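Respectively, the protein sequence lines represent chains P and S. Under my numbering, the first residue of the first sequence carries the number 14, and numbering increases by one thereafter. Under my numbering, the first residue of the second sequence carries the number 501, and numbering increases by one thereafter.
Just so you know, the hints here were simulated from the structure itself, not pulled from any lab data. As the structure is a computational prediction, the values presented were derived from the model and not from experiment.
Non-contacting residues of chain P with respect to chain S, defined by C-beta distances greater than 12 angstroms in every case (computed): (1) Val22; (2) Ile49; (3) Phe121; (4) Met181; (5) Ile195; (6) Ile232; (7) Ala295; (8) Leu298; (9) Pro310; (10) Leu323; (11) Trp335.
For the chain P half of the interface with chain S, some residues (derived, Cβ under 10 angstroms), not all of them: (12) Gln202; (13) Glu217; (14) Ala219; (15) Ala222; (16) Gly223.
No residue lacks a Cβ here, since even glycine has one placed at the ideal position from N, Cα and C.
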Amino acid sequence: MIAQLIEGVPRRALLLLGVLLAALSLAPLIAGDYLITVLILILYFAYIGQAWNIMMGFAGQLSLGHALYVGLGAYTAAALYVHFGIGPWFGLLVAVPVAALAGAFIGFLAFRFRVAGVYFAILTIAVAEFARVGFDHLAWTNASSGLFLPVSQYTHNDLWHLRGSPIMFYYILLVACVLAFIFCRALLQSRLGYFWRAIREDEEAARAAGIDTFYYKMIAVVTSAAMTAFAGVIYAFYYNNLFPEQVFGIQRSIEIILAPIVGGVGTLFGPILGAFLLTGLAETLTSALASLGIDLPGAKQVFYGICLLLVIMALPEGVWPWLSKRFGLKERNE
Amino acid sequence: MSALLAIDGVSKRFRGLVAVDRLSFEVPEGGIFAVIGPNGAGKTTLFNMIAGVFKPDGGTIAFAGERIDGFTPDKICRRGIGRTFQLVRPFQALSVEDNVIVGALLHRHRVDDARVHAKDVLRRLDLYDKRAQRASSLTLPDRKRLEVARALATDPKLLLLDEVMAGLRPTETDRIVAILRDLNRETGLTILLIEHVMRAVMALAGNILVLHHGAAIAQGAPAQVVQDRAVIDSYLGVEDVA
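Excised from the complex, chain P in its bound form (with noise of 0.2 angstroms):
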């Protein structure tokens, strides 16, 4: 199991990757508060990243509204504690199957009807919009006036009710970004990851090679969203709140799709390295420009803009790709 895990990947990347490993589960021990809030949002992102890439990066299929599993996760979660008192693990039960289902609704429409290319992507964005709107106008949920976990005062991590300190969301992160890892490494070395890369590369040539594409891209988008919806479920749990404008919002969308566009896409460590690389520089400039005393109202996206702009014509394949070829640590089959 661990042996076929690493076969294929050079001895100085597994090197890395434990370094990295061992970096992470260390930093709450040093790392302030600021910091580990920072290490959220880059876990958060690389996660999210890694859900995202099956889709694109795998099966060739751009979906821009992948908001939409975030949210369909995290209200699903939500309403059930805040309604019922379904702790949030029962609640991804849930949250999970109601995510897969909108990927599949999205997948059957797109796929059935041959829609695709930048209309399914228009799809995806289309849903996703559809979704906010909807959960605007949903009385369940407290419709546009935003629904919100009760917060007290906790005394200690209560991982069962996903109750406490962002130390503890920090390693339930660190915990999923490892194991996202591994099945999507899983994934991209079994059939299923061939049959996905040769539908991205030549869709009708995959036709023609057997492969049932329709089944395939089907599978591709109803994991990606299953996936995605368990970052949604922690995101209710660790803002206690949720709007529909900011869950559901194009915006939301498109800053899931930055850190593996920028890390690489396709790849397995694109989406960790652009997470790291974007939210690591974005927060460092904030707070640099914050300690300076200037007040620059939307630096942040302006940063994005240049970086997304920057790899685009330097480096259009991502910054992982490259990286890798240069210091010999290129894996066999990525």
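We have chain P; now place chain S onto it with these hints.
Chain S in isolation, oriented as in the chain P frame:
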């Protein structure tokens, strides 16, 4: 020999233009069958109907006794018909080996098994030494053979080849001809090829069908077909025969 593929009265029209007109012929099992004809004769349309890209407007296509017209391309491939594309379509970003593994995975569920099979196929197609290269880095002759390798890896009973020699130099053509002849002889694979390169057709085919304006104007053994008056007039021309 029994017919592996039976085309019966098949027609296809594109907005009034009749591309294939009530065409009937049979491809015997274990043979190499060539379809030739001038540009626009309907060869590729015929091919696309067999492979499931187009549904015929009329007539039936039967493979191994089962009607397959109207099936989707992936279903037809799973039934045992492998195809190549006239304009090659490799999975560019994947390695040569991974391209072939995709095909091999159709009837194999473990990637390791598929890799073993893919390597066998690559050896046959003279691509084994290039298996680690990205498909996008291959030259045209290599890509043409990769196209055949990927189709072959799906374990077809019938291989459809759409102008795999087009654009190749004579030495490259001879190389593919030799590979295909060996395949046919050693594995009993039935091959249906569309080809312009007469040199290859004459060397390979046991049976030739000449298509003109969507209809068959001649069919038979190569030596006999190239002497046919109608074929010379419509396609080969006088010099080619001499």
